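Trainee: Spelled out from the first residue to the last, the chains are:
Number of protein chains: 2
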Amino acid sequence: MIKKNPAQGNWEEVLEPGAKKVKKQVLIGEEESAPNFIMRIFEIEPGGATPRHSHSWEHEVYVLSGKGKVYAQGNEIEIAPGDALLIEPNQEHQFTNPYSQLLCFLCLIPRQFESGKLKNYNKYIKEEKKK
Amino acid sequence: MIKKNPAQGNWEEVLEPGAKKVKKQVLIGEEESAPNFIMRIFEIEPGGATPRHSHSWEHEVYVLSGKGKVYAQGNEIEIAPGDALLIEPNQEHQFTNPYSQLLCFLCLIPRQFESGKLKNYNKYIKEEKKK
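For the protein sequence lines, the chains are A and B, in the order given. Numbering follows this note's numbering, in which position 87 of the first sequence is assigned residue number 87; successive positions increment by one, without gaps. Numbering follows this note's numbering, in which position 35 of the second sequence is assigned residue number 35; successive positions increment by one, without gaps.
Derived by calculation from the structure, the hints in this document are not laboratory data. It cannot be assumed that every hint is accurate.
One copy or two, it doesn't matter: identical chains are merged, so the pair holds either way.
Said to hold, decoys possible - In silico SDA-like cross-links for lysine to any residue, where the CA-CA straight-line distance does not exceed 25 Å:
| hint | residue 1 | residue 2 |
| --- | --- | --- |
| 1 | Lys69 | Gln112 |
| 2 | Lys67 | Glu32 |
| 3 | Lys21 | Asn36 |
| 4 | Lys67 | Ser54 |
Fair warning: this is a prediction, and the values are worked out from it, not measured in the lab.
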């Protein structure tokens, strides 16, 4: 058994183009030998947003604190603590925080994308930023 | 995109032998066409416990409110809000709530076990209870 708590972990800024005032921690991921899916936690500051993008894997989200909006495939909805979301594969989506409090949520993805494509994508973004 | 909130859902009592004062809701499961993994939420009342058991799939847990204890493979640890846990496949484990507040946590599992073995197992338990 592995126990982690975001209060003791390090928040990493999300560097993907279009991300603004977004931080994340991987709570249960490759380092913890997650067998099938990865638990991450995100914080979006007031005025912040994740990139509007789509990809071939789903998100399963649980809102922990704060309020925000989620755009997905032409619809925008309000989110608040206790809301669970499924954002389906290939749906264009974006999280925004137009409110005055920090928005905090869990966002889980299948493991293959953290360990494969997505990891390489993050590395690529970091290298692009250095140029 | 699908949004659900446990405040609007129905809590179902966990009927598995050994479970005591435990309720659950499937937030993102087969009905929501979860592609790879299932998000469930559990409540354990004071004095309650999940069965001490093991199985071939992992749990990824996030504690939302209350306090409790988790036994896994010979160790017992305290859990509190914000704790994320990985209980590895085949680890014998049990959640208990010896405290005075409701313990509430998310517990995610790979999809194949909700739709396959586990679903049949729950059906089996229900039928056994009717006898």
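Trainee: Report the numbers of all earlier hints that the structure fails to satisfy, in ascending order.
Mentor: Going through the list in order, the structure violates hints 1, 3 and respects the others.
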